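Spelled out, the chains give:
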Amino acid sequence: NAGVMQNPRHLVRRRGQEARLRCSPMKGHSHVYWYRQLPEEGLKFMVYLQKENIIDESGMPKERFSAEFPKEGPSILRIQQVVRGDSAAYFCASSPSSGDTGELFFGEGSRLTVL
Amino acid sequence: GEDVEQSLFLSVREGDSSVINCTYTDSSSTYLYWYKQEPGAGLQLLTYIFSNMDMKQDQRLTVLLNKKDKHLSLRIADTQTGDSAIYFCAERFSGGYNKLIFGAGTRLAVHP
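Protein sequences, first through last, are from chains A and B. Under this note's numbering, the first residue of the first sequence is numbered 1, with each subsequent residue one higher. Under this note's numbering, the first residue of the second sequence is numbered 1, with each subsequent residue one higher.
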C-alpha cells in the first residue's frame with residue numbers, strides 16, 4: 001500500500017518560471033492538504049481539497065498560486081512567476097475522510113529552489 | 001486566533017528523558033498531535049491525544065494534556081540517538097475537517 005507520493009522531490013526554477021508540484025494521495029483517500037515549510041520554520045497550511053473541489057484555501061497567497069484535485073489524476077499545486085521567496089519545501093498530506101482521529105499522512109515533500 | 005508555540009531546541013544525553021512542551025490557543029480543538037520529522041523527510045505521526053484525556057502512554061512516549069492551561073507535552077523515555085529529529089506539535093482546526101495547525105517544531109539533539 002503505497003503512501004502519499006509527491007513529485008518531483010527537488011525542483012529548481014529561475015525567477016519568473018512556473019513550478020508544478022504533484023501529489024498522489026494514499027489509495028482510498030479523497031482529501032488532500034498542501035502545506036509549505038520555509039527554511040527553519042514549521043508547516044503552514046495552504047489549501048484543503050476534495051475531489052474536484054477546493055474546500056479551504058485560506059492559507060494560499062492570493063496571487064500566483066493555485067491548486068486543483070481533478071476527478072482523475074494527482075493533485076497539482078501550481079506556482080506561476082516564481083520568486084525567491086517561494087523557495088521552500090511543499091508537503092502534501094491525505095486523509096480518508098474529514099473526521100475520525102484527524103490523522104494526516106504526509107508525503108516526503110517537494111523542495112523548490114528559485115534561483 | 002490559531003497559534004501553536006514550542007521551544008525551538010532541546011539537547012539531552014543519551015539514556016535520559018526528553019520533555020518537549022507546546023502551548024496552543026484553540027480551546028475547542030478535539031485532537032492534538034505530535035509529529036516527527038527526520039532530515040529531508042516528511043512528517044510521521046508519533047501519537048495523538050483526544051481532548052477529553054489528560055494522559056496517553058505508548059511505549060517510550062507519554063503525552064500530557066492540560067486543557068485549562070492549553071499545554072501539551074511529549075516525554076520520550078530513554079532517549080536514543082535515533083530520536084534526534086524535529087518534533088512538531090499540532091492542533092486540529094475546530095472547523096470539522098483535518099486541517100492541522102503546526103508549531104514551529106522543536107529540534108531535539110541527543111548526544112552520547
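Just to be clear, a hint being listed does not mean it is correct.
[Unchecked claim] Below, simulated DSS-like cross-link-like pairs (lysine-lysine); rule was C-alpha separation at most 27 Å, straight line:
hint : chain 1 : residue 1 : chain 2 : residue 2
1    : A       : Lys44     : B       : Lys68
2    : B       : Lys36     : A       : Lys27
3    : B       : Lys68     : A       : Lys27
4    : A       : Lys44     : B       : Lys67
5    : A       : Lys27     : B       : Lys67
Bear in mind the hints are in silico, worked out from the structure with no lab data behind them. In this text the structure is predicted, and so the values were computed from the model without any measurement.
Status of the hints after comparison with the structure:
1. Between Lys44 of chain A and Lys68 of chain B, the direct Cα distance comes to roughly 26 Å. Compliance with the 27 Å bound is thereby established for this hinted pair.
2. Proposed proximity of Lys36 of chain B and Lys27 of chain A is supported: the alpha carbons are some 23 Å apart, at most 27 Å.
3. Our distance criterion of 27 Å between C-alpha atoms is broken by Lys68 of chain B and Lys27 of chain A, whose separation comes to about 39 Å.
4. Distance restraint check for Lys44 of chain A and Lys67 of chain B: the Cα-Cα separation of roughly 24 Å lies within the 27 Å cut-off, and the hinted pair is therefore satisfied.
5. At most 27 Å may separate the alpha-carbon atoms for a hinted pair to count; Lys27 of chain A and Lys67 of chain B exceed this at roughly 35 Å.
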